[in-house]
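Trainee: Spelled out from the first residue to the last, the chains are:
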Amino acid sequence: MLLEHYSHSIMIDRNLCTGCVICTLACPVQAIRVRDGKADVVKSNQCIDCGECLRVCPHQAVRSMTTKRQDLTGYKALAALPSPVIYAQFGDMHTPNDVLLALKGVGFDYVFDLAVNCEMVFIAIDEYLRRNAAPRPMISNFCPPIARMILKSYPNLVPNILPIEVPRETAAKTARRRIAEDRGIAPEDVGVFHITPCAAKVVSIMRPVGVDKSNLDGAIAIRDLYVPIKNALNNIGEVEDEWILQKSSGVGISWAIGRGSVRGLPNRRTLSVTGVKDVIRILDDVDAGRVEGIDYLELSICPGGCVGGPLVVENKHVATSRIEDLIEQYGVRSRVDTRKVVRQFEQTYLLSSSRFHAQAPEPLDTDLRRALEKMSRIEELTSMLPGKQCGACGAPSCRDLAEDIVRGNATPSDCVFIRVKELEDACAGHRDGAES
Amino acid sequence: MAIEDPVLFRRVFKITGGDFQNAGSVSKEIKKALKQLNTDAEVIWRAMIVSYEAEMNVVLYARECEMTLEISQSGIHLVFDDRGPGIPDVGLAMTEGYSTATREMRERGFGAGLGLPNIKKTSDHLEVVSTVGFGTRLDIRLMFPAAVSKAA
Ligand code: SF4
Ligand code: SF4
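Sequence lines, in order, name chains P and F. Read in order, the letters of the first sequence are residues 181 to 616 in the numbering used here. Read in order, the letters of the second sequence are residues 34 to 185 in the numbering used here.
Honestly, I wouldn't trust all of these hints.
Said to hold, decoys possible - Just the calculated beta-carbon pair ranges, DEER-fashion: (1) P/Arg-311 <-> F/Lys-65: 52 to 60 Å; (2) P/Val-512 <-> F/Val-40: 54 to 62 Å; (3) P/Arg-587 <-> F/Thr-128: 44 to 52 Å; (4) P/Ser-501 <-> F/Arg-96: 43 to 51 Å; (5) F/Gln-54 <-> P/Gly-287: 17 to 25 Å; (6) P/Arg-587 <-> F/Arg-116: 35 to 43 Å; (7) P/Val-600 <-> F/Thr-164: 29 to 37 Å.
Unchecked claim - Straight-line C-alpha distance at most 25 Å; calculated PhoX-like pairs for lysine-lysine: (8) P/Lys-332 <-> F/Lys-68; (9) F/Lys-61 <-> P/Lys-568; (10) P/Lys-568 <-> F/Lys-64; (11) P/Lys-457 <-> F/Lys-47; (12) F/Lys-68 <-> P/Lys-457; (13) P/Lys-332 <-> F/Lys-61; (14) F/Lys-65 <-> P/Lys-568; (15) F/Lys-47 <-> P/Lys-332; (16) P/Lys-568 <-> F/Lys-47.
Note that these hints are calculated values from the structure, not bench results. Glycine included, C-beta positions come from ideal geometry on N, C-alpha and C.
Looking at chain P on its own, in the form it has when it is part of the complex:
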């Protein structure tokens, strides 16, 4: 599938951007350039929505394109499906159920414990692995940047992407149907929103990879709901039985942290890798066949898993410890009926409707000879540039500037060192001219 009108999870506010190149240097796929003093995601089809730029910008100029509270209008009923990460945001005093109730108090008519769907997905993964002996390892596709990265850079690993639907999508599908029936309203009048630790979900909802259409209407940043939830938490009194919204065990809650799968798939050889650099490293190894004996590889682009998402409030280490406490407290015995999940699996309800296709990067030139000439030119320019990797030209490295020049998007005098030299030469020429 071609991603037409590919929109992004982030936007750079030109008024706040100082052109400091911090995001440019941080982007793992070198998609950002500073041009005319402002940063811009110029290589937008390279962006994998990892949120690294969002994380590092010291001027709050990088914004997530998440749904804002004021945009929740025009629905007859609102439903929230919060990432289990939310349970770790409000300290030890508040139970997951309190947090879900508080979320209801913030203005959602329905709140669902997404961790239950996470538990179902673990069973579905196990079932998938049982029925399909190859390829190995299967690679999780729940963190949106991972699938994007594989499609763009690891075409050989496309068949390894696990074709299980992400929990938020199955949950949204069920929620929408149930609420519409419950209220006697049209399914499209129900607003179903994911409460998210990252902006990446926004793109997976608006421009899903592989899936035809998302079941969600949008995603709201955890940090945008932090204050209202915190206030609402103060007003929660005794919780009555019918108010028990939290239905998951520790298995589902473990979804929030890396190594969650180790708990969810006790009988499988699993590996969990988090953080963009380590993810790239392991994908390189898997691509080259250097990873042996692993059934399932769980990858998260954020360090430490979703608790390390860019749109959370709590420190990721504190949050991890809180999640670990909750896992212990709620136990590692799944509360989900395995047989029911297997039935759903057989009815393909839990299989993703995705069809993944590798996306070849844009070649330097479609003609091999011309492309090779351009590559040689890039080499030549790279050796001419000072090699200080300072970023002052607005490109993340001297080699990237060389490539931009060859692609016609920059000039050698964008390099400050070259420009100073040019000016000096011009001055010298001027002086020489004046003397003679």
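We have chain P already, so just place chain F with the ligands on it with the hints.
Mentor: Frame of chain P; chain F with the ligands shown alone:
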């Protein structure tokens, strides 16, 4: 090669023996370079595999190595020229099974460590020249699919 096939791109890399920190970085650079071409994913993958194997040989056994990547319209040419212990019996090193490959890697057709047979299998041409106490030179070629079909 009878038809004229000039080298259109050349880049030289240095590999240092024992530098595990950067092991694999040259094969990564090669992959990155090849991805800028409008070429078949399979040949890129094979180039990455053989260069990684050869690079690891250097890191594990040699002191230093100059590696030259050359690309022409017909294919990729990799030369690993190392200063190191050399291989006493190239014939033996080229025999199948003389490698420390894992089972799965062998199933996929390549190995780790001194995986010369695997480099041979994964590439279209391999030539090994080694002098004990001096060093080893690997000359590896991979053909672009279009070039192969034209030649056939
Ligand atoms: S989201 Fe990630 S990939 Fe996209 S521009 Fe920002 S840092 Fe680069
Ligand atoms: S690790 Fe989790 S929070 Fe981070 S980008 Fe992936 S899905 Fe989002």
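Trainee: Could you run down the list of hints and mark each one as holding or not?
Mentor: Hints and how they fare:
1. P/Arg-311 <-> F/Lys-65: 52 to 60 Å: Check failed, 37 Å falls outside 52 to 60 Å.
2. P/Val-512 <-> F/Val-40: 54 to 62 Å: Check passed, 60 Å falls within 54 to 62 Å.
3. P/Arg-587 <-> F/Thr-128: 44 to 52 Å: Holds: the Cβ-Cβ distance is about 47 Å, inside 44 to 52 Å.
4. P/Ser-501 <-> F/Arg-96: 43 to 51 Å: holds (47 Å)
5. F/Gln-54 <-> P/Gly-287: 17 to 25 Å: About 52 Å separates the Cβ atoms of F/Gln-54 and P/Gly-287, which means 17 to 25 Å is violated.
6. P/Arg-587 <-> F/Arg-116: 35 to 43 Å: holds (38 Å)
7. P/Val-600 <-> F/Thr-164: 29 to 37 Å: violated (49 Å)
8. P/Lys-332 <-> F/Lys-68: holds (10 Å)
9. F/Lys-61 <-> P/Lys-568: holds (21 Å)
10. P/Lys-568 <-> F/Lys-64: holds (24 Å)
11. P/Lys-457 <-> F/Lys-47: Given pair P/Lys-457, F/Lys-47 holds - Cα atoms ~23 Å apart, limit 25 Å.
12. F/Lys-68 <-> P/Lys-457: holds (20 Å)
13. P/Lys-332 <-> F/Lys-61: Holds, because 15 Å separates the two Cα atoms, which is no more than 25 Å.
14. F/Lys-65 <-> P/Lys-568: Satisfied, since the Cα-Cα distance of roughly 21 Å is no more than 25 Å.
15. F/Lys-47 <-> P/Lys-332: Not satisfied, since the Cα-Cα distance of roughly 28 Å exceeds 25 Å.
16. P/Lys-568 <-> F/Lys-47: holds (19 Å)
Of the numbered hints given earlier, the model fails hints 1, 5, 7, 15; all others are met.
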